[in-house]
Amino acid sequence: MHGKALPYLLLTPATLFLCVFFLYPFALVAFEAFTRDGGFTLDNFRTMTSSWKFPVTVRNTLLLSAVVVPIQLVMALLMATMVSRLAAGRSAALYIFAIPLGISDLAAGLIWLAIFDQSGFLNTLLSNLGVIDRPVMFLGYQSKLTIFIAVALAEIWRATAIMMVILVAGMGLIPREYYEAAEVFGASPWKRFIKITLPLLRPSLQTAIILRVILAFEVFAVVAALGGTNLPVLMGETYNWQFTLQDRNVAAAMALFILAISIGFTLFFLRVLRVPKEARI
Amino acid sequence: MSTVELSIAAPEARKAGNWLLVATVILLCIWVLLPIYLLIVNALSSPEEVTAFPKRFFPSFDFGSLSFFINFAGVARALWNSVLVATLTMLLSIGFGAPAGYALSRFEFPGKETFRFLVLMTRAFPLPLLALPLAVMFIRTGLDDTAIGLALVHTTLALPFAVLITFSLFSGIPVELEEAAWTLGCTRLQAFRKIILPLALPGIAASAVFAFTISWNEVFAAAVLTIENRTLTAFLLQSLGESPLYLKFAGGAALVIPALIFIFTVRKYLFAMWGIANR
Chain A
3 MHGKALPYLL
13 LTPATLFLCV
23 FFLYPFALVA
33 FEAFTRDGGF
43 TLDNFRTMTS
53 SWKFPVTVRN
63 TLLLSAVVVP
73 IQLVMALLMA
83 TMVSRLAAGR
93 SAALYIFAIP
103 LGISDLAAGL
113 IWLAIFDQSG
123 FLNTLLSNLG
133 VIDRPVMFLG
143 YQSKLTIFIA
153 VALAEIWRAT
163 AIMMVILVAG
173 MGLIPREYYE
183 AAEVFGASPW
193 KRFIKITLPL
203 LRPSLQTAII
213 LRVILAFEVF
223 AVVAALGGTN
233 LPVLMGETYN
243 WQFTLQDRNV
253 AAAMALFILA
263 ISIGFTLFFL
273 RVLRVPKEAR
283 I
Chain B
1449 MSTVELSIAA
1459 PEARKAGNWL
1469 LVATVILLCI
1479 WVLLPIYLLI
1489 VNALSSPEEV
1499 TAFPKRFFPS
1509 FDFGSLSFFI
1519 NFAGVARALW
1529 NSVLVATLTM
1539 LLSIGFGAPA
1549 GYALSRFEFP
1559 GKETFRFLVL
1569 MTRAFPLPLL
1579 ALPLAVMFIR
1589 TGLDDTAIGL
1599 ALVHTTLALP
1609 FAVLITFSLF
1619 SGIPVELEEA
1629 AWTLGCTRLQ
1639 AFRKIILPLA
1649 LPGIAASAVF
1659 AFTISWNEVF
1669 AAAVLTIENR
1679 TLTAFLLQSL
1689 GESPLYLKFA
1699 GGAALVIPAL
1709 IFIFTVRKYL
1719 FAMWGIANR
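The listed protein sequences correspond, in order, to chains A and B. All letters in the first sequence, in the order written, are residues 3 to 283 by the working numbering. All letters in the second sequence, in the order written, are residues 1449 to 1727 by the working numbering.
By construction, these hints were calculated from the structure, which means they are not laboratory data. Incorrect hints may have been included.
[Said to hold, decoys possible] Heads up, simulated BS3-like pairs for lysine-lysine below, C-alpha to C-alpha not over 25 Å straight-line:
1. A:55 to A:146
2. A:6 to B:1642
3. A:193 to B:1463
4. A:6 to B:1560
[Said to hold, decoys possible] Short derived list, chain A residues pointing at chain B, Cβ under 10 Å:
5. 16
6. 17
7. 26
8. 107
9. 119
10. 159
11. 162
12. 174
13. 177
14. 195
15. 198
16. 199
17. 209
18. 226
19. 261
20. 268
[Said to hold, decoys possible] Just so you have them, the derived chain B footprint on chain A, three or more residues with Cβ under 8 Å:
21. 29–40
22. 110–117
23. 124–131
24. 247–259
Every residue gets a Cβ at the ideal spot worked out from N, C-alpha and C, and that includes glycine.
All chains should be modelled from the sequences, with the hints used to inform the complete structure.
Structure follows, in structure tokens:
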């Protein structure tokens, strides 16, 4: 077998697979969102937006992302820079920080349920400290704020690792000489971080933020485990339309909506954190 | 130049800074590990202890919750389905991904950039949503509620990783080794099998474990596509409403502990893989 055909032959299975299970379903979901009983219509979107739950789900999802992602970014940067300055135990610390990477969002929700539940560890701690007399219902339908905080904490706990790993890999690419030069000229650690690390880390920051924001819009199982239906989010509503309400077309419209805001934010961050070709390492 | 003097002439301050650094790292480690520990405490306590208040912060090593979980109707099957789907996902994503990774690392050809774009594009989409339209397609083709049907959807999640990771693995092996084998009379396939494969195998195994973990942890598509043959995640999600606390926590532990082992086995490759896959 010779040169020219071989690469194509090797790529064929993966390409065919992605066409059938990635491109085609997306065409399908768009088609389903814009049709009903075989005809073109915008009714699915009207049904979707006129549901009283829709504004709430959009607000919850966006608010959750707006709270969680910046905190994660700061924590991930903190973890990455601290680990790089550690004299000993660097790989152990990195491994521990990376553990949540392998943990399912559902499991993360259950982990934080163990803490926030009425008979959970937070209530036990508070009552041992004498702060409360009897267990507080943190996750009841009347305590939307504590549900939100619990979900945000679980998300921060679970998904900071993915940003941290990307940033650590990115920091490894920054040439040491830059830091040495800065040190010679007397730049403080903080200055070095602001003037060298952050600008040179921009490509990694960009991927980390984009990936994380998309994942934040997909939040689903953590909320299901902690809030049930008390904190409706976009993916949960999509699931509802598909199963509880048995309306595939509106579910498809929801899917397309999530897709649209994901792409919108991807383009936004690609533009805002643009890295000029000549500035890449 | 005051900062220079500061950083050189203040060993005291530097020492304090070091302590702060170590303390923060330890604190962050506790932040990661403590919640997992608390889940394990619950899983290793009896059902009565789990629902009791106040709670103990140490496990009583009572296996009541775990044995209740294992014997609960549908759990054993769900566990088996999870393993089956994850294994299929692993085989599919490496089987399709590794050849593509090899082609990308060894050849220059028209269409290469298009393919890379296609692979990278998958990262900008919420992939689990694919399960919705596929549910209908699967009913038509008889793939609905089967392990292979779900594995195909999970493969769309794992395949881009497999392609990019194997691409960088093969790129790291000098092409000269292969060329030397050809001049000594090996065919392309022989050279690959005898020279490249042994060198790339640990990395390929690591990305296989990675694909397994992705599928093992996935919730949304699993819940959408399976009814009778639910995976563990789908089972736990759909019984959230009615199942008792100790079942949830034992189930959570059953999800977490294999995942911890997977992450541990590939720890050497963890950073290289994520760093590469997200370039």
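Against the structure, the hints come out as follows:
no., hint, result
1, A:55 to A:146, "holds (15 Å)"
2, A:6 to B:1642, "holds (23 Å)"
3, A:193 to B:1463, "holds (20 Å)"
4, A:6 to B:1560, "holds (13 Å)"
5, 16, "holds (4 Å)"
6, 17, "holds (6 Å)"
7, 26, "holds (8 Å)"
8, 107, "holds (6 Å)"
9, 119, "holds (7 Å)"
10, 159, "holds (6 Å)"
11, 162, "holds (9 Å)"
12, 174, "holds (7 Å)"
13, 177, "violated (16 Å)"
14, 195, "violated (13 Å)"
15, 198, "violated (15 Å)"
16, 199, "violated (16 Å)"
17, 209, "holds (5 Å)"
18, 226, "holds (6 Å)"
19, 261, "holds (6 Å)"
20, 268, "holds (5 Å)"
21, 29–40, "holds (count 3)"
22, 110–117, "holds (count 6)"
23, 124–131, "holds (count 4)"
24, 247–259, "holds (count 4)"
In summary, the numbered hints that this structure violates are 13, 14, 15 and 16.
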